[in-house]
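Assemble the whole structure, with the sequences as input and the hints as a guide.
Chain residues, written in single-letter form:
Number of protein chains: 2
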Amino acid sequence: MFKEFIKKIKKYKRIGVVSHIRPDGDCIGSQVGLSIWLEKNGFEVDAFNDDDVPVNLEWLTEYFPIQSLDIEKIKKCDLIILVDGNALHRFSHIESWTKELDVPFWMIDHHPDPNDEFDLQVSVPGASSTCELIYNLYNESNIEQLEKSAAMALYTGIITDTGSLQFDSVTPKTLEAVADILRRGDFKPNVVAEQVFSTKTESQYKLLSLALGTIQLYESNQIATMYVTQEMLEETQTTNSDTEGFVNYPLSIAGVKAAVLLKDLAEEGVKMSLRSRSNVDVNVWARELDGGGHQKAAGAWHPGPLEKTIEDVISIGKKQLNQIETT
Amino acid sequence: MFKEFIKKIKKYKRIGVVSHIRPDGDCIGSQVGLSIWLEKNGFEVDAFNDDDVPVNLEWLTEYFPIQSLDIEKIKKCDLIILVDGNALHRFSHIESWTKELDVPFWMIDHHPDPNDEFDLQVSVPGASSTCELIYNLYNESNIEQLEKSAAMALYTGIITDTGSLQFDSVTPKTLEAVADILRRGDFKPNVVAEQVFSTKTESQYKLLSLALGTIQLYESNQIATMYVTQEMLEETQTTNSDTEGFVNYPLSIAGVKAAVLLKDLAEEGVKMSLRSRSNVDVNVWARELDGGGHQKAAGAWHPGPLEKTIEDVISIGKKQLNQIETT
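The listed protein sequences correspond, in order, to chains A and B.
Under UniProt numbering, think of the first position of the first sequence as 1, with each following residue one higher.
Under UniProt numbering, think of the first position of the second sequence as 1, with each following residue one higher.
It is worth saying that the hints were derived from the structure and are not from the lab.
The model shown is predicted, which means the values in this text are computed figures rather than measured ones.
Each hint should be verified, as a subset may be incorrect.
Any copy will do: because identical chains look the same in the list, a pair fits if it lies in one copy or spans two.
[Said to hold, decoys possible] Below, in silico cross-link-like pairs of lysine to aspartate or glutamate (DMTMM-like), each with a Cα-Cα straight-line distance of 25 Å or less: (1) K99 - E72; (2) K188 - E58; (3) K73 - E39; (4) K173 - E147; (5) K257 - E58; (6) K148 - E176; (7) K206 - E234.
The following block contains the structure:
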């Protein structure tokens with residue numbers, strides 16, 4: 001999959017590697033893994049991201065530094081590679097700079113439906129992660145170049161984007177890649193997993209404690225809701241970002257087909273995260289609530305108040321369940 | 001590792017496969033995986049366990065039935081194989097029946113320090129799981145015999161005994177085994193992971209909600225405690241078994257080196273689960289509290305009351321931390 005990439009990259013000298021806004025493990029992991037590959041192959045490399053690297057991933061920037069986006073520095077690059085996103089608007093200022101910059105934009109990504117706005121793209125929808133793709137880059141060029149730091153970066157991205165190798169995107173090839181990554185990197189899985197996943201705070205658990213108390217089940221336990229309010233955030237001194245992953249709790253109750261996390265925060269209306277682990281299509285569901293997304297994960301919005309939101313979201317969910325049962 | 005096993009088993013005809021008390025995923029997975037292997041290789045097979053198969057693993061008994069231990073049936077077997085335990089007392093009545101039964105007892109297991117009480121043993125301490133060993137049995141005999149049902153059973157045991165492939169026992173070979181298991185079994189990881197892990201109840205989360213509210217941090221956040229009381233179980237209509245895995249919550253707080261779950265239930269004293277994710281040896285710690293176990297996981301007991309237990313457990317933990325810092 002990297003044949004054209006490997007052939008064409010030879011004519012460039014200084015390369016900027018940019019990862020997407022609100023970076024996650026796969027984004028930072030692939031950025032660090034690619035930057036190390038580029039450096040090992042004789043390129044000058046700058047890695048950019050405008051947002052802060054999440055605390056649990058900061059250790060990865062010791063393997064390769066990530067700078068804030070800087071148009072003067074970008075101008076010195078003769079190629080920009082965007083990782084883990086398939087539309088320019090996912091890369092902060094990059095979209096608005098494209099006209100000013102006379103430089104090709106390449107992309108490496110695994111999300112579906114890529115935009116047609118890149119000069120070269122390695123787009124593999126359905127791959128577990130962009131990090132799995134970067135592993136393939138090493139494998140198709142010189143796998144001996146895959147050493148500890150890049151291996152740990154790629155492993156981070158693969159496990160964070162697959163719920164610790166549990167998602168349906170994980171194939172035998174993914175696991176063979178991870179086996180090779182562990183062997184070449186010579187590290188134990190727990191060394192990375194603990195750094196990446198064991199970074200909760202006492203406050204987050206106090207918030208989770210309050211949120212778990214709000215779980216409600218509907219339609220013979222097929223739909224579960226959980227909510228977080230502004231008062232809960234204030235009481236536990238937490239913010240919206242501390243609710244990350246909360247929706248997985250109601251979703252993991254036996255029999256639940258879909259779950260909704262409602263966030264009634266200090267803003268207009270109620271935001272929702274919808275998740276499915278069945279043939280319930282939460283994308284269809286969310287579209288009736290001013291939102292959308294994918295079949296298994298979507299976001300939505302309701303003007304509120306909270307009680308009315310729950311009533312409406314359950315009424316739409318019920319309709320969805322009935323449709324599935326009759327098809 | 002199965003050379004002698006494969007050679008010697010040929011002289012037997014009817015084989016009983018027994019798994020240990022309070023069965024878990026690796027225990028049932030290896031029992032089902034081995035029973036299918038035996039049947040495919042022409043043996044008559046009975047699988048036994050005296051305890052109920054946990055609800056999230058019941059689907060595995062559709063692949064191979066598991067009966068209650070029955071001495072009359074056991075007497076008809078000319079070989080008994082014990083899986084996922086390395087001492088006879090881990091197998092319910094088996095220990096007391098050994099004198100009465102004139103039949104060899106074999107063992108397949110991955111725990112450390114096996115007892116010397118078996119006629120043949122395949123003991124590989126440090127292997128991720130007994131299921132990984134059973135995979136090797138297929139691999140060393142005829143891997144073509146590994147089909148969907150056994151593959152799903154073995155996958156279940158490997159992921160449940162490794163925290164979803166995250167523990168330090170997971171090696172490149174483990175991941176290559178899992179890759180082969182997924183390929184031959186022709187299933188997606190989420191199909192099993194959801195059945196095995198997404199089986200929480202609303203009551204368990206109500207209990208977790210109360211327990212999370214009790215988290216306390218000590219010694220600059222290096223030690224975390226969480227507790228469950230009899231009143232909490234009554235309020236949420238749960239039992240002791242619903243606290244399974246709770247200790248991982250305090251353990252996953254940033255900076256925590258060791259965590260203690262205290263259970264002040266309707267019995268004498270306070271039971272404790274101690275877990276380490278550092279060089280803190282909770283086995284040493286637990287030995288000062290009428291208990292023991294391994295470096296990273298141990299159990300202990302204190303006469304109570306709860307407040308005094310916490311005070312004592314923290315005082316011992318503090319001593320442990322100091323010892324580590326000075327060595």
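Hints and how they fare:
| no. | hint | verdict |
| --- | --- | --- |
| 1 | K99 - E72 | within (15 Å within a copy, 83 Å between copies) |
| 2 | K188 - E58 | within (19 Å within a copy, 32 Å between copies) |
| 3 | K73 - E39 | within (17 Å within a copy, 67 Å between copies) |
| 4 | K173 - E147 | both (20 Å within a copy, 19 Å between copies) |
| 5 | K257 - E58 | between (35 Å within a copy, 20 Å between copies) |
| 6 | K148 - E176 | both (17 Å within a copy, 19 Å between copies) |
| 7 | K206 - E234 | both (11 Å within a copy, 21 Å between copies) |
Hint violations for this structure: none, all hints satisfied.
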